[in-house]
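Student: Protein sequences, first through last, are from chains A and B. Numbering of the first sequence is given in our numbering, commencing with residue 1 and proceeding in unit increments. Numbering of the second sequence is given in our numbering, commencing with residue 1 and proceeding in unit increments.
Be a bit skeptical, because a hint or two may be false.
Claimed, not checked - Now the stretches of chain B that chain A is said to cover, found in silico as 3 or more residues with beta-carbon under 8 Å:
(1) 24–30
(2) 40–48
(3) 58–71
(4) 74–80
(5) 83–97
Stated by the list, open to error - In silico negatives: residues of chain B with every beta carbon more than 10 Å from chain A:
(6) A10
(7) V101
(8) D105
(9) V106
(10) D109
(11) P110
(12) V111
(13) E124
(14) P125
None of these hints come from the bench; they were simulated from the model. Model, not experiment: these values are computed from the prediction. A virtual CB, placed ideally from N, CA and C, is assigned to each residue, including glycine.
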Amino acid sequence: MVGRDAIGRVFGPYHGTVDRNRLRYFAQVTGETRPEYLDAEVARAAGWRDIPAPPTYTFCLQMLDTIEPLDWAVAIGVDMPRALHGDQLFTYHQPICAGDRLSFILTIVDVFEKKGGALTFIVTRTSARDHSDQLVAELDQTLVVRNR
Amino acid sequence: MTPEIWTPGAEVARVRSKPLDRTALALYAGASGDHNPIHIDLDAAREAGLGDVIGHGMFAMALLSRALTEAVDQRAIRSFGTRFLHPIQVGDVLECVATVVSLEDVDGDPVATVSLTASTLTGEPRLAGQALVSLGNGMKI
Chain A
1 MVGRDAIGRV
11 FGPYHGTVDR
21 NRLRYFAQVT
31 GETRPEYLDA
41 EVARAAGWRD
51 IPAPPTYTFC
61 LQMLDTIEPL
71 DWAVAIGVDM
81 PRALHGDQLF
91 TYHQPICAGD
101 RLSFILTIVD
111 VFEKKGGALT
121 FIVTRTSARD
131 HSDQLVAELD
141 QTLVVRNR
Chain B
1 MTPEIWTPGA
11 EVARVRSKPL
21 DRTALALYAG
31 ASGDHNPIHI
41 DLDAAREAGL
51 GDVIGHGMFA
61 MALLSRALTE
71 AVDQRAIRSF
81 GTRFLHPIQV
91 GDVLECVATV
101 VSLEDVDGDP
111 VATVSLTAST
121 LTGEPRLAGQ
131 ALVSLGNGMK
141 I
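Isolated chain A (complex conformation) (with noise of 0.2 Å):
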């Protein structure tokens, strides 16, 4: 069981680098069609310094270059098996494209629980900066644990 005491812990930075054929591999997995996630030359044409990474992309590049990407919920004792996605909210500040290169600092925002126990929410939230430091996105997420 996670226990409020996870409140505040920090974990990170996770590194990532936004890879033009990961890009495009990961716009046919999800049908995306438009032409600028799947051809540089249409994203440049259309004002992106390359390919841009779609909306949800970030998310996913934290795992994609981190060989233990959930070493952070291990550490507060999420049994991973049991864990559901609740929710996820990303905020955009900055475009991300191919060629970037991010990285993630997670802090665990709440935990609490639902249903007499049966049930541990956790909130975390993960900011995205550039090499230059600058913030490009957070990303809000909601684990649900279902408790024995």
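Fit chain B to the given chain A structure using the hints.
Tutor: Leaving out everything else, chain B in the frame of chain A:
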């Protein structure tokens, strides 16, 4: 898509996904870096008390995001969030709909609140989300 149709109640995009199959779940695991076996390995799913593998919530959110990128240039999106109401399952076809809820002026920028829903073709809700979209710049015409 022209800004004139961005009025409360207007549907600004509707995107239908391909039927979700196990291959897509495996490919998404590779594309996203989320290798949790409950999405790709039936044995692991059963071990976790599930009848079958379930789709990644973030895969469903990526499919839902296509209703947004269909309607606007991504640079116009200020925020995008969703609740995961029910896991997506093998066989699901997601109908993703973006509807304008309200418009307001934020520091001189017209901003639309957009409701985003993903449901199966039989009307079972999977995701219920919301986005804030800036209508001042970056609108796709």
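Student: Indicate, hint by hint, whether the structure satisfies it.
Tutor: Results of checking the hints against the structure:
1. 24–30: Holds: 4 residues of the segment 24–30 of chain B have a Cβ under 8 Å from chain A.
2. 40–48: Three-residue rule met by the segment 40–48 of chain B, so holds; n is 3.
3. 58–71: Satisfied; 10 residues make the cut.
4. 74–80: holds (count 6)
5. 83–97: With 3 residues closer than 8 Å to chain A, the segment 83–97 of chain B meets the three-residue bar; holds.
6. A10: Consistent with the label, B/A10 stays out of reach of chain A, its closest Cβ about 21 Å off (over 10 Å).
7. V101: holds (16 Å)
8. D105: With a cut-off of 10 Å, B/D105 remains clear of chain A, as the shortest Cβ separation is near 19 Å.
9. V106: With a cut-off of 10 Å, B/V106 remains clear of chain A, as the shortest Cβ separation is near 14 Å.
10. D109: holds (14 Å)
11. P110: B/P110 clear of chain A: closest Cβ-Cβ about 17 Å, beyond 10 Å.
12. V111: Check passes; 13 Å lies beyond 10 Å.
13. E124: Check passes; 17 Å lies beyond 10 Å.
14. P125: holds (14 Å)
Figure legend: structure checked against the earlier numbered hints; every hint is met.
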